[in-house]
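J.: Work the whole structure out from these sequences, hints included.
Mature numbering (1 follows the signal peptide of the UniProt record, and there is no 0) puts the sequence shown at residues -19 to -1, 1 to 250.
Any given hint might turn out to be false.
Below, in silico cross-link-like pairs of lysine-lysine (DSS-like), each with a Cα-Cα straight-line distance of 27 angstroms or less [said to hold, decoys possible]:
| no. | residue 1 | residue 2 |
| --- | --- | --- |
| 1 | K246 | K27 |
| 2 | K203 | K155 |
| 3 | K48 | K28 |
| 4 | K181 | K91 |
| 5 | K15 | K155 |
| 6 | K80 | K48 |
| 7 | K223 | K48 |
| 8 | K207 | K223 |
| 9 | K183 | K246 |
| 10 | K246 | K181 |
| 11 | K203 | K181 |
| 12 | K155 | K80 |
| 13 | K28 | K246 |
| 14 | K166 | K207 |
| 15 | K203 | K183 |
| 16 | K18 | K155 |
| 17 | K80 | K27 |
| 18 | K91 | K183 |
| 19 | K246 | K223 |
| 20 | K18 | K80 |
| 21 | K166 | K181 |
Keep in mind that the hints were calculated from the coordinates and are not lab data.
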Amino acid sequence: MKYIFLLLATIAGMLQLHAATVDTINVRSAQMNKDIKAVVISPENKKATSTLYLLHGYSGNYASWIKTAPHIEQLVDTYGYLVVCPDGGFNSWYWDTPKNNYLYESYITKELIPFIEQQYQVGSDRINRAITGLSMGGHGALYLAFRNQDLFAFAGSTSGGVDIRPFPDNWGMKTHLGEYHQEPKTWDAHTVIELTHLVKPKSLELFIDCGTEDFFFEVNNKLHEKLTYMNIAHHYLTMPGKHNGEYWARSIDFQMAFFAQCFQKVTLN
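T.: Given below as structure tokens:
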């Protein structure tokens, strides 16, 4: 964590006057039979070798992150890795739920990643991939990373809904999973905090943060406690803040510094 703060302390002096390249692309999902947009942020005048997949929250879209934290462009230039912000649907939670033709886990892991790596010529090893996101996207990032450790070496979450079960009537989740009181096992299988048993020793480097006034603060604390109890190494940061864009515009600095540290270690090795 100390290294992350040192990185943040030097960002102001490192930011360049020019900004990264921001593209909006369409990626075909054969499984869902539709084109899905994504924002891709590339460092200017620098060849990226690693990629961070950055997921939006409930009711957001592919452009949410760049609107919430436009200085991501400067962070990409500073750190030199690719950032991809895919559209995850209004309320997909990044699950595969075939009855609604929501196959966003399969889309990201089987369709988007190969497209990005071919189109942008970035590294295709798991050590060149990270995933994080906010709220629904924080849940989605850890959900996808825990279930696909062959694809991701680094993962995070900011203000993540890491246990969905205290919120059975919120955010349209029951349209995908059924009523919680009728389908508790289905809900257990689709909530991050119940998937920690999937994490292999030393498989993932994790960074989780949440604001202390966030309605997801308690579930993030519970996940932190469970990861600690299970001896799963992770970084956990809490800061003053609510579940809003003001907090995420600050937390992305810590998230991206963490992944820069991860990718730098890969390069040095």
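J.: The structure should be examined with respect to each hint, and the outcome stated for every one.
T.: Cross-check of the supplied hints:
The straight-line distance between the Cα atoms of K246 and K27 is roughly 18 angstroms, inside the 27 angstroms bound, and the hint therefore holds. A distance of roughly 23 angstroms separates the Cα atoms of K203 and K155; the hinted pair therefore holds under the 27 angstroms criterion. Only pairs whose Cα atoms come within 27 angstroms are accepted, and K48 paired with K28 is accepted, the gap being roughly 25 angstroms. Restraint check for K181 and K91: the C-alpha separation of about 22 angstroms stays at or below 27 angstroms, so the hint holds.
The suggested pairing of K15 with K155 holds, with an alpha-carbon distance near 24 angstroms, which does not exceed 27 angstroms. With a C-alpha separation of about 32 angstroms, the suggested pair K80 and K48 falls outside the 27 angstroms cut-off, and the hint is violated. Restraint check for K223 and K48: satisfied, since their Cα atoms lie roughly 18 angstroms apart, inside the 27 angstroms limit. This hinted pair checks out: K207 and K223 have alpha carbons roughly 23 angstroms apart, not beyond 27 angstroms.
Between the alpha carbons of K183 and K246 the distance comes to roughly 15 angstroms, so the proposed pair stays at or under 27 angstroms and holds. Distance hint between K246 and K181 is fulfilled; the C-alpha atoms sit about 20 angstroms from each other, no more than 27 angstroms. Distance check on the hinted pair: K203 and K181 sit about 20 angstroms apart at the alpha-carbon level, within 27 angstroms; holds. Distance hint between K155 and K80 is fulfilled; the C-alpha atoms sit about 12 angstroms from each other, no more than 27 angstroms.
Our distance criterion of 27 angstroms between C-alpha atoms is met by K28 and K246, whose separation comes to about 17 angstroms. For the hint pairing K166 with K207, the CA-to-CA distance comes to about 19 angstroms; that is within 27 angstroms, so the pair holds. Of the pairs offered as hints, the one joining K203 and K183 holds, with about 21 angstroms between alpha carbons and a cut-off of 27 angstroms not exceeded. With a C-alpha separation of about 26 angstroms, the suggested pair K18 and K155 falls inside the 27 angstroms cut-off, and the hint holds.
As the CA atoms of K80 and K27 are separated by approximately 43 angstroms, the hinted pair breaks the 27 angstroms bound. About 24 angstroms separates the Cα atoms of K91 and K183, which keeps this hinted pair within 27 angstroms; it holds. About 32 angstroms separates the Cα atoms of K246 and K223, which puts this hinted pair outside 27 angstroms; it is violated. Distance hint between K18 and K80 is fulfilled; the C-alpha atoms sit about 22 angstroms from each other, no more than 27 angstroms.
Of the pairs offered as hints, the one joining K166 and K181 holds, with about 23 angstroms between alpha carbons and a cut-off of 27 angstroms not exceeded.
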